[in-house]
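**Student:** Residues per chain are reported as follows:
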Amino acid sequence: GDSVTQTEGQVALSEEDFLTIHCNYSASGYPALFWYVQYPGEGPQFLFRASRDKEKGSSRGFEATYDKGTTSFHLRKASVQESDSAVYYCALGERGPGYQNFYFGKGTSLTVIP
Amino acid sequence: GPKVLQIPSHQIIDMGQMVTLNCDPVSNHLYFYWYKQILGQQMEFLVNFYNGKVMEKSKLFKDQFSVERPDGSYFTLKIQPTALEDSAVYFCASSLGGGQNTLYFGAGTRLSVL
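Going down the list, the sequences are from chains Y and A. Note that this note's numbering has the first sequence beginning at 1, numbered continuously upward. Note that this note's numbering has the second sequence beginning at 1, numbered continuously upward.
Hints may contain errors.
Claimed, not checked - Just some of the chain A residues that point at chain Y, by a computed CB distance under 10 Å:
1. Pro-8
2. Asn-28
3. Leu-30
4. Tyr-35
5. Ile-38
6. Gln-80
7. Glu-85
8. Ala-93
Hints in this document: simulated from the structure, not taken from any laboratory. Since this is a predicted model, take the numbers as computed values, not measurements. Heads up, the beta-carbon is just placed ideally off N, CA and C, and yes, glycines get one too.
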């Protein structure tokens, strides 16, 4: 079945460090790929998406490129801030006749130290 | 962005009682979802719902769980009877469908079963 794997469970960085969170997916079809961010006490918020190979999604300085060859959608940010501390989820969305579902990774907790 | 509203934000209930969690999805959305998140753990899929029917459910969606959306009103998750292990934050989400659309989440209902 479809699945998403996030390699890092926890990441700790200093402000202005470069961020990479790895996301690999497994899907039978051609899914859409998403990143969500969850702050404490809130629901996950949509960050951005990409729908086709080589498409780059971006928002708030974060970006990721859909790579069908390596089945990856790694999240990157050039310079993190303390306010970026949150849990980040990679997800894929698939649809078929009369259904649509989303599969989430386990999440990566990012802590940015000022 | 689009808003999903969840009522109440916190519910405290005695084990064995019935509880109904309410969700007001984005107005034109067609697909509805419930996710469960135990404190400090990953978010886990429970069920999705479309056209008045459950389309897919996970192993976590026990027989004591049910969902419905009567006449376009709230999308509800009912647990009857509740158990201690049902204590968690429950997130409702909705998507438009008809393509590889984006999933939007509510802020969650924290359920405490005593």
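**Student:** So, for every hint listed, does it hold in this structure?
**Tutor:** These are the hints, each one checked on the structure:
Against a cut-off of 10 Å between C-beta atoms, the interface hint on Pro-8/A is violated, since the closest Cβ of chain Y lies about 15 Å away. Interface hint at Asn-28/A: violated, since its Cβ lies 15 Å from the closest Cβ of chain Y, which is beyond the 10 Å cut-off. Hint status for Leu-30/A relative to chain Y: holds, with the closest Cβ pair at about 9 Å, below 10 Å. Hint on Tyr-35/A holds. Least Cβ distance to chain Y is approximately 8 Å, under the 10 Å limit.
Annotation: Ile-38/A was flagged as interfacial toward chain Y, and the flag is violated, the nearest CB pair being 13 Å apart, outside 10 Å. This hint is violated: Gln-80/A has a C-beta 24 Å from the nearest C-beta of chain Y, more than the 10 Å allowed. Restraint check, Glu-85/A versus chain Y: the minimum CB separation of about 20 Å is more than 10 Å; hint violated. Hint status for Ala-93/A: holds, given a least beta-carbon distance of 8 Å to chain Y, under 10 Å.
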